[in-house]
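> Sequence:
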Amino acid sequence: MSAPRNPVVVIPSRLASKRLPDKPLADINGKPMIVHVWLGAVAADVGPVVVACGDAAIAAAVEAAGGRAVMTRPDHPSGSDRVFEALTIVDPAGAHDAVVNLQGDMVDVDNDFPDILAAVIAPLADGDVDIATVAAPFADDEERENPNAVKAIVATGEGSRPRRALAFSRTAASIGDGVGEGMGDGALYHHIGIYAYRPQALARFVALPEGVAERKEKLEQLRAMEAGMRIDVGLVDRVPLEINTPADLERARALLVPGTPG
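The opening residue of the sequence shown carries number 916 in our numbering; numbering runs sequentially from there.
Treat the hints with care, as some may be off.
[Said to hold, decoys possible] Calculated pairs, DMTMM-like style, for lysine to aspartate or glutamate (alpha carbon to alpha carbon, straight line, at most 25 Å):
id : residue 1 : residue 2
1  : K1131     : E1165
2  : K946      : E1157
3  : K1131     : E1058
4  : K1133     : E1157
5  : K933      : D1012
6  : K933      : D1163
7  : K1131     : E1157
8  : K946      : D1025
9  : K1131     : D1025
10 : K933      : E1129
11 : K933      : D1152
12 : K1133     : E978
13 : K933      : E1165
14 : K933      : E1125
15 : K1133     : E1060
16 : K933      : D990
17 : K1131     : E1057
18 : K933      : D970
19 : K946      : E978
20 : K1133     : D1012
21 : K933      : E1132
22 : K933      : E1141
23 : K1131     : D990
24 : K1131     : D996
25 : K1133     : D1025
26 : K1133     : D996
27 : K1133     : D1163
28 : K946      : E1165
29 : K1131     : E1060
FYI, nobody ran anything at the bench for these hints, they're computed from the structure.
Please read all numbers here as calculations on a predicted model, not as lab measurements.
Please construct the entire structure, taking both the sequences and the accompanying hints into account.
Quick look at the structure:
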């Protein structure tokens, strides 16, 4: 099987945020955050980009910038559910052979999106893979031990070729090292919450009940693994900036130079 030829990128977004209220509309050098994310995805040029909105204000911001937004139910329990509803709206005939779920708070400050989106789609060239995701080496021990940095435990292999995910966890204890080593060494990486699904796999995933491991770790990808779905991991050099706090927002404002794609 060849890699998907007609992927679509869907960015789920909603205003509700405990740590950073109205986060998608936060101003970053004259543009709302969600517009920066959309611009970065468009510049990566892997396929059409759609923002799946839980709030009309987000749709208005995206459309004012020239983007495509679709309204979805405001009460979806996860971004994956929102992406699935958006896919049924924008692609009822099933023309797209892959759908990328790109977080709406991940801003492309270092022009990482082209490599990341290519890496997340690549594992789907293997017909046995249901879902693909990406990971990067940990920068240091502090990042590795941070429970907010999700760990991907992947099968060892050569170079940056996709590898099968063995587990995901918030704790690093007793699951390998791989800190600061080459891509072919170790099995423990910093998971990046971007996914590529075969459309039929996404439909199956959102219909599954919450899994036991998912409930314990608060990681929805464990639901898929518990149901026997295969997840493979593409490896990239570094983790992009994800905006969760006011400090993250200030960092994005400092790093995003006006006039750049993001």
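> Hint by hint, note whether the structure agrees.
We went through each hint and held it up to the structure:
1. Note on K1131 and E1165: the hinted pairing is violated, with a Cα-Cα distance of about 32 Å set against a maximum of 25 Å.
2. Of the pairs offered as hints, the one joining K946 and E1157 holds, with about 17 Å between alpha carbons and a cut-off of 25 Å not exceeded.
3. Among the hinted pairs, K1131 with E1058 is consistent with the structure: their alpha-carbon atoms are about 21 Å apart, no more than 25 Å.
4. Taken as a hint, the K1133 and E1157 pair is honoured in the structure, with Cα atoms around 18 Å apart against an allowance of 25 Å.
5. Taken as a hint, the K933 and D1012 pair is broken in the structure, with Cα atoms around 35 Å apart against an allowance of 25 Å.
6. With a C-alpha separation of about 14 Å, the suggested pair K933 and D1163 falls inside the 25 Å cut-off, and the hint holds.
7. Between K1131 and E1157 the CA atoms are separated by roughly 23 Å; this keeps the pair inside 25 Å, and the hint holds.
8. A C-alpha spacing of about 17 Å is found between K946 and D1025, which places the hinted pair at or below 25 Å, so the restraint holds.
9. About 34 Å separates the Cα atoms of K1131 and D1025, which puts this hinted pair outside 25 Å; it is violated.
10. For the hint pairing K933 with E1129, the CA-to-CA distance comes to about 21 Å; that is within 25 Å, so the pair holds.
11. The straight-line distance between the Cα atoms of K933 and D1152 is roughly 30 Å, outside the 25 Å bound, and the hint therefore fails.
12. Between K1133 and E978 the alpha-carbon distance is near 33 Å, which puts this suggested pair outside the 25 Å criterion.
13. Proximity of K933 to E1165 is assessed by CA-CA distance (about 17 Å); at most 25 Å being required, the pair is judged to hold.
14. Straight-line distance between C-alpha atoms of K933 and E1125 comes to about 23 Å, which keeps the hinted pair within the 25 Å bound.
15. Between K1133 and E1060 the alpha-carbon distance is near 17 Å, which keeps this suggested pair within the 25 Å criterion.
16. A threshold of 25 Å between alpha carbons decides the hint, and for K933 with D990 the separation of about 16 Å falls inside it, so the pair holds.
17. For the hint linking K1131 to E1057, the alpha-carbon distance of about 23 Å falls within 25 Å, and the restraint holds.
18. For the given pair, K933 sits about 16 Å from D970 by alpha-carbon distance, which is consistent with the 25 Å threshold.
19. For the hint linking K946 to E978, the alpha-carbon distance of about 13 Å falls within 25 Å, and the restraint holds.
20. Restraint check: the Cα-Cα separation between K1133 and D1012 comes to about 28 Å, which exceeds 25 Å; the hinted pair is violated.
21. Of the supplied pair hints, the one linking K933 and E1132 holds, its CA atoms being roughly 19 Å apart against a limit of 25 Å.
22. Of the supplied pair hints, the one linking K933 and E1141 is violated, its CA atoms being roughly 29 Å apart against a limit of 25 Å.
23. With a C-alpha separation of about 22 Å, the suggested pairing of K1131 with D990 holds against the 25 Å cut-off.
24. Under the criterion of a C-alpha separation no larger than 25 Å, the hint pairing K1131 with D996 is consistent with the structure, at around 20 Å.
25. Distance check on the hinted pair: K1133 and D1025 sit about 29 Å apart at the alpha-carbon level, beyond 25 Å; violated.
26. Between K1133 and D996 the CA atoms are separated by roughly 16 Å; this keeps the pair inside 25 Å, and the hint holds.
27. The straight-line distance between the Cα atoms of K1133 and D1163 is roughly 22 Å, inside the 25 Å bound, and the hint therefore holds.
28. Using a Cα cut-off of 25 Å, the hinted pair K946 and E1165 holds, with the two alpha carbons roughly 14 Å apart.
29. Of the supplied pair hints, the one linking K1131 and E1060 holds, its CA atoms being roughly 18 Å apart against a limit of 25 Å.
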